[in-house]
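Engineer: Chain by chain, the residues:
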Amino acid sequence: MAEEILYLTELLGLKVYDLRRRPLGRVRDAVLVPRLHPVRVDRYLVAGGGGYTWLYVRHDQVAEITLEGIWLRDELLVPYHADEYALRLVRDVLDQQIIDAQGRKVVRVTDITFEIRREGGHDVLHVLEVDIGMRAVLRRLLQGWVPRRWIRRLQQRIPPNSIRWELCNIVEPDPQRRLRLNISMDLLEQMHPADLADIVEELSPEDREAIIEAIDTEVAAEALSELDPEMQAQIIESLDAGKAADILEEMAPDEAADVLGELEEERSEEILEEMESAPKAEVEELLEYDENTAGGLMNTEFIAVHEDATVADAIDALRQRQDLVDTINMVFLTDTDDRLRAALPVGRLFLARPSTKVAELVREDDEVISVRTGEPAERVLELFDKYNLLTLPVVDEEGRLAGVITADDIISVLRSR
Amino acid sequence: MLRRLRRHIALFFAVIGPGFITAMVDNDAGGIFTYSQAGAKYGYLPLWTLAPITLLLVVTQEMCARMGAVTGKGLSDLIREEFGLRTTFFVMMLLVLTNLANVMANFAGVASSLELFGVSRYVTVPLAAAGVWLLVVKGTYERVEKVFLAASSVYVCYIISGFMVKPDWTQAAIYSVRPVLMLEPGYLTMLVGMVGTSVAPWMQFYLQAAVVEKGITAREYAESRLEVIVGCIAMTVIAFFIIVACAGAIHDAGPRDIRDATDAALGLKPFGQYAFLLFAIGLFNASLFAACILPLSTAYSVCEGLGFESGVNKGFREAPVFYWLFTLLIGVGGGVILIPGFPLVKMILLSQVINGALLPLVLIYMILLVNKERLMKKWKNTRFYNAVGWTSVVILIGLTVALVILSVRDLMAA
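Protein sequence lines correspond, in order, to chains A and B.
For the first sequence, my numbering assigns the number 3 to the initial residue and increments by one for each residue that follows.
For the second sequence, my numbering assigns the number 4 to the initial residue and increments by one for each residue that follows.
Treat the hints with care, since some could be wrong.
[Stated by the list, open to error] Partial pick of chain B residues on the chain A-facing surface, computed with a CB cut under 7 angstroms: (1) K76; (2) K169; (3) G310.
Everything labelled a hint here was simulated from the structure, so no lab data went into it.
Note that CB positions come from ideal geometry on N, CA and C, so glycine has one too.
So that you can see chain A by itself, here it is in the shape it has in the complex (with noise of 0.2 angstroms):
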């Protein structure tokens, strides 16, 4: 009776049969060798004479794959060997953990699915999903107790639980291993930040650090801004000085400066050399103020534009910071000593003609509110409370424009309370 399906606890310690259908031994592992084919399983690893020699079968030296056996057409085989390209399912995957890039979650492999395809006359195994619940557990309770037919019949009654080797991740903290094993982190560049920092919470330092070393700077600091400032600590700790300096730039001034004050003082400085001048300046001068202040609080990522400015002008101050468009949704008006004269709308500006001064947009009622750089946190608090803010301007001792703390800022420190 042919199957279509095996799963990797069936394949194990099935008997593989030379040309004469004589037992040379039993299966030990499956091995995938990615940078030659991503989901056909290359070789398997065979014990043989009583366990002592391993020997390795190519995939294109078997025959036929059933559950009460492997036939081989070919047994030349060669003795075991290491190989750096090789991914061996026993060793390497079973029972750790992977990324379900699907599901978003880190899930410990308990079993793993094959299909028997017929190619050119003779059986190979794909990778088809990887079992996790469970009807894996059973599977992997009863193997080798209970013959493999009765246990597929008991397991029809549990539902099965997989995720599709597509959607895997495998998690390898080398980063040339990684490369020889074609691992990629394009299912990970891909996830929400948010969702991407949920799972690097899951796993353990050396795999969050190797992680966040891996993927995508840009997204790599948008992940890491969604972590605990701890946490955010320990990892840009562990990475070389360089590479914490290029994740920093990325992340917003605040919170790189958020990060950087939980380093130690001689590592934080060591970062700070390797970031470019104009970043560095903004962290720099962030760094200076208390956490608790309105001055730790805020960020520099505003744009200012001076009263006599024309809405065009202030318009094109709009498109020179594109970076910035999809968060602010306020322009502040400044005198000629960069002193905080008052705060509009975005809005107004696209409802106004570009010929008109900025400084008539501002109506009589308009109040601008704002905070001294040393004021509490406390007292940032009540402001964004009583006045129902999304944006709040700071100022230094002398009324000029330092910076602005968002919603953002304030709903990360009522969440960390």
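Mind docking chain B on chain A? Use the hints.
Structural biologist: For chain B alone, kept in the frame of chain A given last:
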């Protein structure tokens, strides 16, 4: 310099929790009974065992804390990854069974300690079970840990009641350092009991998981180790005062066997209402505390090891197996206490037997894991530490097996 010192102190407080809580819960209803019995029957003589107990505790706990900090994975995770599913399943089944019996013992502690104040167990046990369940299900890890740390401070009760009894401090001091061995079966049984119950399998799982959950990494490991050591010492200090209190109050009036820990509390009554009250409150607190931690730790370990979602920070829907197991342990553990004529003593003896089968496995897996270079890198055991570790493990296994034999004998008699 000052800045660095301040940083170290800050780090120490940041990592406080796992080691301290684990050590404190070691003094649960069963532990308090063992120590009370030792003091009531043999006075100050058994005090010398506390120093070696501390040492054994520190050695075994330290390895788990180190594994947690370095690998970022729980003990059941590591057993699964290195020894496979079937082994893990077997270990987890034993863990559930022995911990279930432990939960029963602690709910019994809750019931009997409050019955001292005349409150019926049909009121206290359901209330306690509901409270424990709500605390964990509705809380976050940070909040739960704070409650646990607060509960740890209630153990001070024993220190105060120890002082109120006005025991013979000179004798206590002498016998703390002078080993006394008598070839009397009762005395030997007591020694085996004291040391054998000092390290339990759940502690290894709980400690390592708590270290991971708290986000402690190799970087903060120095502080975390200190915390583990301080916790173990605190635990033996409490044990010292329990023994001394019972020695001063009961043994000095006439050595005798006590039936349970509440019997010990009653024995303190002649020394004032407060000594009795504090001892009883201490017992209630310890029982409730353990009734909370044991189901939680069990559910964590099982789910981690078998690959189900777990964690108090997840909801009921996200981690159903975790919550069901937790709920069941509390429900069954508390429920049986309300069944009249339930053979609780037999259950506890039986749990000692399962415990004796499980502990050697856990300790051996633990020490094998902590020696794997691939996992532990430069943090793996040194040769000297391995010698100490294996010696401790062998001693503990020997004593546990002795305890099993004694339990089987009692089980036959019962």
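Engineer: Confirm or reject each hint.
Structural biologist: Hints, verified against the model:
1. K76: 5 angstroms, holds
2. K169: 47 angstroms, violated
3. G310: 3 angstroms, holds
Comparing the model with each earlier hint shows a violation of hint 2 alone; every other hint is respected.
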